[in-house]
Amino acid sequence: MDVERTALPGIGLQHVFTTRRGRQVGVVSHRNGRRDLAVYDKDDPDSCVVTVQLTPEEANALAELLGTDRVVERLAELHRQVEGLVTEQLPIAAGSPYDGRRLGDTRARTRTGASIVAVVRDGGVVASPRPDFAFAAGDTVVVVGTGEGTAAVARILTDG
Amino acid sequence: MHSVAVTLIELGAIILGLGLLGAVAVRFSISAIPLYLVAGLAFGSGGILPLTSSDDFVSIGAEVGVILLLFTLGLEYTADELVGTLRTSAPVGLADLVLNAAPGVAAALLLGWGPVAALALGGVTYVTSSGITAKVMGDLGWLGNRETPAVLSVLVFEDLAMAAYLPILTTVLAGAGLVAGAQSLAVAALTVTVILYVALRHGTLVERFVASPSDEVLLLKVLGLTLLVAGLAQQLQVSAAVGAFLVGIALSGPLAHTAREMLTPLKDLFAAVFFVFFGLHTDPGDLPPVLAVAAVLAVVGVATKLATGWLAARRAGVAFTGRLRAGAALAPRGEFNIVIAGLAVTGGAHPDLGPLAAAYVLVLAIAGPLLARAAEPLARRLRARRSPAPALTEAEETP
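Note that the protein sequences, when read in sequence, are chains A and B.
So the first sequence is residues 2 to 161, counted in my numbering.
So the second sequence is residues 11 to 409, counted in my numbering.
The hints are simulated quantities; they were obtained by calculation from the structure and are not laboratory data.
It is possible that some hints are incorrect.
Claimed, not checked - Facing chain A, from chain B, some residues (calculated, C-beta under 8 angstroms):
id	residue
1	95
2	96
3	151
4	153
5	155
6	159
Said to hold, decoys possible - Over 10 angstroms on every C-beta distance to chain A, these chain B residues come out as not near it, computed from the model:
id	residue
7	29
8	154
9	295
Beta carbons: idealized from backbone N, C-alpha and C, even for Gly.
Work out the full structure: start from the sequences and follow the hints.
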């Protein structure tokens, strides 16, 4: 999928892509955080038929609605596709050695072969967290790997 | 004490009146600029209720208004955007310049106002009001449209053209001899180049100097720096407006964003004062003789901007409707046309230039946004007339 990116001098950025069914959807990102969701005319790709102005909070909410379920769906799909692959949701309990430490410090993938693919925090999802992501007590870590691998990650997260 | 009381009462009445006019503008979603101008006309020399004792404040306020208008215009675009646009959109920008300045130049020459007034009137007919255009496009939900980047590049190019034009205009208006004129132009060119260089290569230096975690400190630093540079530029015969504009360009990134948020209320206040001031110093009695010329220039001005928009959008590969929208979006004139006319009138160009510019902006600041609203229905009609068959199936499909 190609996302076309255009600078809008004085306003911000415009991103537009075409869906598989031929509709064009775009987002205008204003410098002040405002987002405009734009849906283009079926017959005239130059014109927007609908433009919805979103405040930064509304844009976040929309992104979460679109993104959260996708992560879960993708995991479920992965699970179905590969026999023997397990997805586990592991809590970071208060007192965990990794409360406040970074994802990279766990060296989970090297030690167990399982990957940390997402972290759920305060109802939101951080997909594909980077090695410098800092865990906090209350996080739920989503791990994908073999049964053994994910069990090993669970031990690392509780015992170090 | 008595005079202070009268001044305060007059000022309060003016600002409150502007507030009420602004409310009307918001209610009908139009630009407030023509209303402010009319208010100035009504209370100025020859108007229905001349104000006198607040004149000093209003004239200083108007100067500050021009400086802040140009400063925020400079803030609008980063130096990178300016240079990038110069690379990509120069042909359209030049076409815009030639198409839209020519009617003003021609009109002034035909009226026998002389070359200085021709230069000024060319500027008055040339510049699109970026403020009104941006508001119209936002209101109509056009920001996502395909022609929008092309329209914005035209505005950015005009911005750059102003940086070159204003020093030339002020030099010519000063009426210095060839040598002195060339000297001050050279100073202006040098100043502009130095500031653009600093902005492009060492923008972080300026930002580091101005940046502060406290909004108050930031506001004072930015405002002080702007007024200081504007004053120095004026001293060097470069025009205060240009100095302020260049300070705006030199600030970019998140700092520019904060600075714009902090200074916008101040700009709104002083810009309103400036429009009133311009109206105050224009005798409504001078308007009728220039109305016909203003009307012709306005019609031509809409046509030339439609052509500019058409060209810009076509170059971006946009079809019929989008081209019409681009032209209509560019049609409004407003703040900077008045700024140019103001400079010209104080600089001693032909006295009828002020009323003419006022009438021109009055017409186009109101007609421009209306035209933009009419653009899409008009395009639908024209397209239907061109090819009736697809229009029919379209109508059947829509419930």
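To see whether the hints hold, each was checked on the structure:
1. Taken as an interface hint, residue 95/B checks out: its beta carbon lies about 6 angstroms from the nearest beta carbon of chain A, inside 8 angstroms.
2. Among the interface hints, the one on residue 96/B is violated; its C-beta lies about 12 angstroms from the nearest C-beta in chain A, farther than the 8 angstroms criterion.
3. At about 3 angstroms, the closest approach between the beta carbon of residue 151/B and any beta carbon in chain A falls short of 8 angstroms, and the interface hint on this residue holds.
4. Taking 8 angstroms as the C-beta contact cut-off toward chain A, the hint placing residue 153/B at the interface holds, the least distance being around 5 angstroms.
5. Interface restraint check: residue 155/B against chain A, minimum CB-CB distance 6 angstroms, threshold 8 angstroms, status holds.
6. Contact between residue 159/B and chain A, as hinted, is supported at the beta carbon level, the nearest pair being about 5 angstroms apart and thus within 8 angstroms.
7. The beta carbon of residue 29/B is kept farther than 10 angstroms from every beta carbon of chain A, the shortest such distance being approximately 24 angstroms.
8. A Cβ of chain A approaches the Cβ of residue 154/B within 10 angstroms, the least distance being about 3 angstroms, so the stated non-interface status is violated.
9. With a least beta-carbon separation of about 39 angstroms from chain A, residue 295/B lies farther than 10 angstroms from that chain, consistent with its non-interface assignment.
The structure shown violates the earlier hints numbered 2 and 8.
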